[in-house]
Amino acid sequence: MAERILKNIRIGGLKNAVKGNDYRKEATISYAILIGGYILLQVLSAAGIVGHNLQGQFVPICVYVSLAVSLNLVVGISGELSLGHAGFMAVGAFSGILMSRVLLQSMTFEPLILIISMLFGAFMASIAGFIIGIPILGLRGDYLAIVTLAFGEIIRNFMNVLYFGFVDGKLKFAFNHTIEGIEDTDRIITGAIGATGTKTMASFTWGLLLCLFTVFIVLNLKNSKQGRAIMSIRDNRIAGESIGLDVRKYKLMAFVVSAALAGMAGCLFGLNYSTLVPVKFNFNTSVLILVFVVLGGVGNIWGGIIAATLLTILPETFRQFADYRMLTYAIVLILVMICTYNPAIKSRITALWNKVKPKKKDNGPGGKPRKKKAGKEAA
Amino acid sequence: MKKTWTKVVVVALSCMMAFVMAACGGGGSSDSGDNTLKLGCTGPLTGPAAIYGNAVKNGGQIAVDEINAANPDGVQVAWQVEDDEADGEKAVNAYNKLMDDGMQVFVGSVTSGACVAVAEKTNADRVFELTPSASQAAVTEGKDNVFQLCFRDPDQGTISADYIMENFPDAKVGVIYNNASDYSAGIFDGFKKEMDAKGREIVAVEAFSDDANTDFQAQLNSMKNAGADFVFLPNYYTPVSNILVQADKMGYAPTFFGCDGVDGILTLEGFDTSLAEGVYLLTPFTASAEDEKTQNFVNAYKEAYGEEPNQFAADAYDCVYAVYNAFNAAGVDTSASAADICEALVAQFAGGFSYEGLTASNAMKWQATGEVDKMPAVYIIEGGKYVEK
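Going down the list, the sequences are from chains A and B.
One point on numbering: in my numbering, the residue at position 33 of the first sequence is 33, and numbering is uninterrupted.
One point on numbering: in my numbering, the residue at position 128 of the second sequence is 128, and numbering is uninterrupted.
None of these hints come from the bench; they were simulated from the model.
Okay, derived cross-link-like pairs now, PhoX-like style, lysine-lysine, Cα gap no bigger than 20 Å in a straight line: (1) B/Lys193 / A/Lys172; (2) A/Lys346 / A/Lys357; (3) B/Lys143 / A/Lys199; (4) A/Lys25 / A/Lys225; (5) B/Lys249 / B/Lys224; (6) B/Lys385 / B/Lys293.
These numbers come from a predicted model, not from an experiment.
Using the sequences plus the hints, can you model the full thing?
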């Protein structure tokens, strides 16, 4: 025990060293789940085992996975509760759709249009994140949560009064009324009716690329100098400030990157359906994304990936229960939450697992070898 | 380490469960060879718009039961409605589920936003689609296989504007509409266009949203101050009932004019129907119409579901019959693929097929663009009843 404590002191903050080791594990598991899942589903689809219903959900699943991972950056890594993630998704979705319609006027190569639209969506969402982030990141805890909630709603209501369209080939916009002299087919965004006539370009492969990109950005940020600064502020704000970390700067960094990634995911979502209404991005959607994060484990990237996938598929698989579908979904959600976080049930499952699990020689409980390894590395 | 493993176990187990269920659902049952035409529909069976989805589900069921009872040896009809919560994403999922279950003709979706998303899929999959109530223009735009049985929202606005200009030449017209509802905003859009085109002024326009549809003091005061003596209300009946109550309290008594969404206001619980006296509404269907067809439908509906059918139920009833009649007229077999049935039905609907139903005062016909040609009627509420004008 004493030896271990000494070691901790010697390496100056064991936590970061462990994080470095965890990074490789976390990254390996995350990428493996994403790529493995993709290959598995593609094979099953090709074999005709997966029905229309599940196939139709491939893109939304990827979008939700990406949203869960990006929200994890704020909730898990930066340690702030954000309830406005759907707002950034909305900004990305609508600006991405707008960009795709503008580009379609002069281009036909869809992959390029999709990439530019997604980058534009990410850019606009990051601007929204920046504007919102500046005044609110001085707030903490519940206050921040409530303000992000309000901003999410503001974004949605802003979309409700926004009109975009072409008049004689020129892009025009208006607030709260229709654009003068516009033809029905030239409308892009029509207030509460949302975006209609979007050319759908999203596919499962693009979804996978989005997920990989998001995981790559989030994991690398987490494992960078800035990421460690963000986490140290999360763990102890005063200690962080005392060693000269700019708290606002690092919090804003996490917030803006998260918003940009949400915008990108929102854009792919928008380009997967020929219509998109602002009401889709209400508070419920923000909470849904937060549920993915919480269920997967706050700060746990691959846990979020699995939770998002599962909770997207579940309501569809319960269709056979007809009227009791959402009730069943809620019950399963509660059960899963209890099973994952109730210590009693948890220890039962662990005990059960230990019986089944083949014993490894050097891998005792409590993560002792892991720490040893980390210590050696640092030394 | 312990923690991680527990999570892995739980997650893996739930994954497997979900996947097994999904796979079960994905298997799909193809046509069993009997003489049944499989109709599918998606609509909000849960959530705030559930009354519309359930009305369509029930109205369609009445038609299906009638058809199946009337020709036990002929073509039978199966009717499957899946919940979409009025959401585009869920609607596409629900539609895909119906496809897995072997649907041949799609009679949906109920709400516009969801319908536009699904219509793109039916167009790609070549499945015939006749929507009972999705009234946005974008539903049918650029899709040869999609037809509407209801009016388009802007058309309702145009017809309302024409009626008002003809019958109320001196009225100062104000509008209170829901700018967060595609239905309301769509009607207002058509209304304003027509008024502008004919050079008639709208003295005041006030909007509200779904989040704030109980207090209308501000909007009504604005109408009053602008001197409006005629207020156009292209809204559903719940906000309209609130507007009527609050206008009455303020002592403001202009002529109110609503669209088909106002139908149902007389059966609204807790609403003093005397306040609705003198309200005009333009609608293709009311349950109080006297003709035999409507009365038979209303009675059957009341018997089965214990409430008066609204327009959505009547639309669904008409849809099922229209598809059934066109299917018979086309002479296709029920064992044909969805794509073959689609081609045959498109040829029918675009080629002058007509149908006399509950929701029009004339025989409905369809344009190749998917729009329906039908005439609505204007009613006025007198003595607690809808009286045709």
